[in-house]
Amino acid sequence: MATTTIPLPRRWKYGALFRMSLQDALAYRGSTILSWLIESWSVLVMLYVWGTVFGAGSVKIGAFDWDAMRTYLVIAHALQNFTATGVSWVLANAIRNGDIVTDLTRPIDFLAAKLVEQLGSALLNGVIGMVLVTILSLLFFHLLPPPTLEAAVLSLLAAVLGFLVSFLISFMLGLSSCWLMNNQGLAWIVWYGGRLLSGTVIPLSLFPGWLRDVAAYSPFQATISTPLVIYLGQAEGGAAWQMVGVQLFWLVALFLAARWLFPRAMRRLEIQGG
Amino acid sequence: MFKRISRHARLFLRLLYMHNRANVEYRGDFWLKILGLVLRNVIGVVFVYALFSHVETLAGWSRAEVMMLYALAVAPRGLLQLFCNGAWQLRNYIWRGQFDQFLTRPLSPVFQTLTLTMSIEGLGTLAVGGAAFAAGYAALSLQWSLGAWLYLVLVLIGGTVLATALDVGMHALVFWSRDAGQLQWFVEQSTEFAQYPVALYHRALQVALSTLLPFAFISYYPLAHLLDKPGASAMLAAISPLVGFAFAFLMSRIWHAGLMRYQSAGS
Amino acid sequence: MSQIEARALTKHFRVPKKGPGIKGSVKHLFAPVFENKIALDAVDFDIAAGEAVAYVGPNGAGKSTTVKLLTGILAPTAGSARINGFDPHRQRMQNARGIGVVFGQRSQLWWDLPVSESLRLLGDIYETPAAEYDRALAQCTELLDLGPLLNQPARALSLGQRMRCDIAAALLHSPRILFLDEPTIGLDVSVKANIRKFVAAMNQEQGVTVLLTSHDLQDIEHICKRMILIDKGAIVFDGSLQSVKEQFDRSRVVSFKLRESVADAGALAQSAIAEAAPAATVTAEGYDLRVQFDPAQSTAAAIVGRVMGALPVDDLKIEEPGIENIIRQLYEGKLQFN
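Protein chains in written order, with the working numbering: chain A, 1 to 274; chain B, 1 to 267; chain C, 1 to 338.
Hint data in this document are derived by calculation from the structure and do not stem from the laboratory.
Simulated restraints on C-beta separations:
#1 C:Gln152 x B:Trp176: 38 to 44 angstroms
#2 C:Val15 x B:Asn92: 21 to 27 angstroms
#3 B:Ala232 x A:Leu139: 32 to 38 angstroms
#4 A:Val252 x B:Thr57: 44 to 50 angstroms
#5 B:Val207 x C:Ala234: 54 to 60 angstroms
#6 A:Gly30 x C:Leu159: 34 to 40 angstroms
#7 A:Ala216 x B:His8: 52 to 58 angstroms
#8 B:Val207 x A:Arg29: 30 to 36 angstroms
#9 A:Gly30 x B:Gly130: 40 to 46 angstroms
What the simulated footprint calls covered on chain A by chain B, stretch by stretch (three residues with Cβ under 8 angstroms from a Cβ of chain B suffice, anywhere in the stretch; the number is not a length):
#10 28–36
#11 39–49
#12 170–182
#13 192–200
#14 207–217
Just so it is clear, the structure is predicted and the values come from calculations on it, not from any experiment.
Beta carbons: idealized from backbone N, C-alpha and C, even for Gly.
Make a model of the complete structure from these sequences and hints.
In structure tokens, the structure reads:
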């Protein structure tokens, strides 16, 4: 019998995955917005603390005045929601209950598939973040716009690269559950360590010297700090491009690390009898 | 009455032993978890440290004083993690039908819920809090009387009761709706306001932190009194340890209403 | 006096009627609409101490609701229940001390700790005196063969091993009543047999009252003498297993194996028994002959005698009426009750 199969382009498979992840994300949009606002609550603490420090005058701390600091804190929060992915949790669960086996039987690249599955929520978080930041800015905070068009475009690019770096870290964290019975402890370390070293809590340039050095050599700065420093115009031209270069370096390094780790994790799973 | 208390104390100790025995089953994870929570709270300390390398005082409070404030704000959560961290599991237990088992045993379901988890990693939280407190105490060369220390213990107990009561009360909202967890998260996040002098915040927020989200009573009011800060209220300091118990009563009403609803509606 | 009694026991659930999506949820928030679902409708029964009763019905018939009402998990909408003289909802704590409850696939055991630790915790919760605890544990260990399991964490046990431990967990405070809700679901055949034997022994030798819900008919036939059939929230039958068979199974089958192939075997048999069982149906195929008849009209002996006179019979078998038939028909909605 003659059957005609339409040779679908390879990316079609990922297209369907992407649509599914977007639908999923949209279904939870209400609770996503709510979580976003609830987490903003603790950003308010930081805003009050820094607001008091800067006072009413034109105090300047490092490269920051009150306007820049306010902008930094609010956008850092939005970026954190955008770059954080649930992939480590998804992987840890799939490994624990054995569902990962079905994933592995599909004729698609595992890493790419997991990335595409996260794109829907990332896109939604990105859009929600931009809309809410704009609204909050107009109503209360009067945030600074990027100084130049170049800064705007480059910081957007840096945010996307930051998302990818964050994804790869989270991906490897998920794989760690092939070795650990429960990777909660490691997840906390990565999550809270990342919060500090990415500059989410305090801009890296205000760190004490030794900690600034640690942060400079960690991949986490690529997720929050880099896009924000570029957005605020604290790094321009060559310096900004150099920072994007560092992001790309981490992206490649982490990608290779993830590729290296993945087959080892799967072998480990087989030894355990999954 | 005494018999009831000793029975629950005995069960509590057995559960504490069992949880810790289960925890050390995974020795590697256990240390990673402690390290994780140390890190989580070290972030707060690093923030205070970094902040005060650029300013002298925050709303009239020095670095050492804010360190102590921070310690008092996080310690109740550490004690909760260590001894009665089970409420967050309520949603899953209801969802999987396991909550039914609690009702077939001759033991209060709220006791069974609270003791579902006892996380040894709470030690991580307490260690950082203890270190921050000791550092502040030493830097200020304080010499507190025995009475002051006893008062501090009462404040810690009151704070832990408050944190636990809110934890159970807010998680009990899942008796009404599976998606009610967000309110609990909101309340837990609000604890962060207690890490800094309450005088920083907008008037309305100060009122909220002394009424609906009474976290000013776990750190700010007691410590302002102990450190004899200008404008400290002895009255607010005196009632601080009691606030937790008042909220325990309020939250128990929510719990009972929720349980009643569960028993009449099923899951 | 009966140990378990239900009087007009009724349970309604209020099921929210929500429109789709966020709009529906918001609308529901302001003008909630509920649908009343009757899970249990004025049910009456009495169970005496030492009985073993199967509580049977299709999914959604109200079995679990009844168990939850009797164990104090749910509050009745109307009517009342008494267990050992206690109201299971209002006197939940006192009631809990006198009953043991096993829910299939819901373990009481701690995942990471040796089973013995979980059992000791339960001993403390029920405040079982040490001597009684030791006696009950020794008994369960012996009869359920728990010896090698007690020192293992629950995560290392198979489903069947875990269920054996869970049944022990429900019995260590020596309850006089044992509720079993689908206890053998998902277990393999030998474990099922072991558990049935144990429960039957507890019932017959220790006099523990058993109320069992199960879809497994073997469970019912091995453990219980009495059956309560429930459908759509109402009891449709309450009596001995034997009488279920008599009341609902109106047909019995005798199957013959013939020595040689006989043309017209069917017709010959039909005419031979025409007088004794005019309504019987006969089917013949090759060496096999089946006669299905109504036991109220004639007896197996009459049929066997007549067929053997007319045909060369080599072997024969009288098929017992299966309870399975009856329940299957009930589940499929084919059986009508008056």
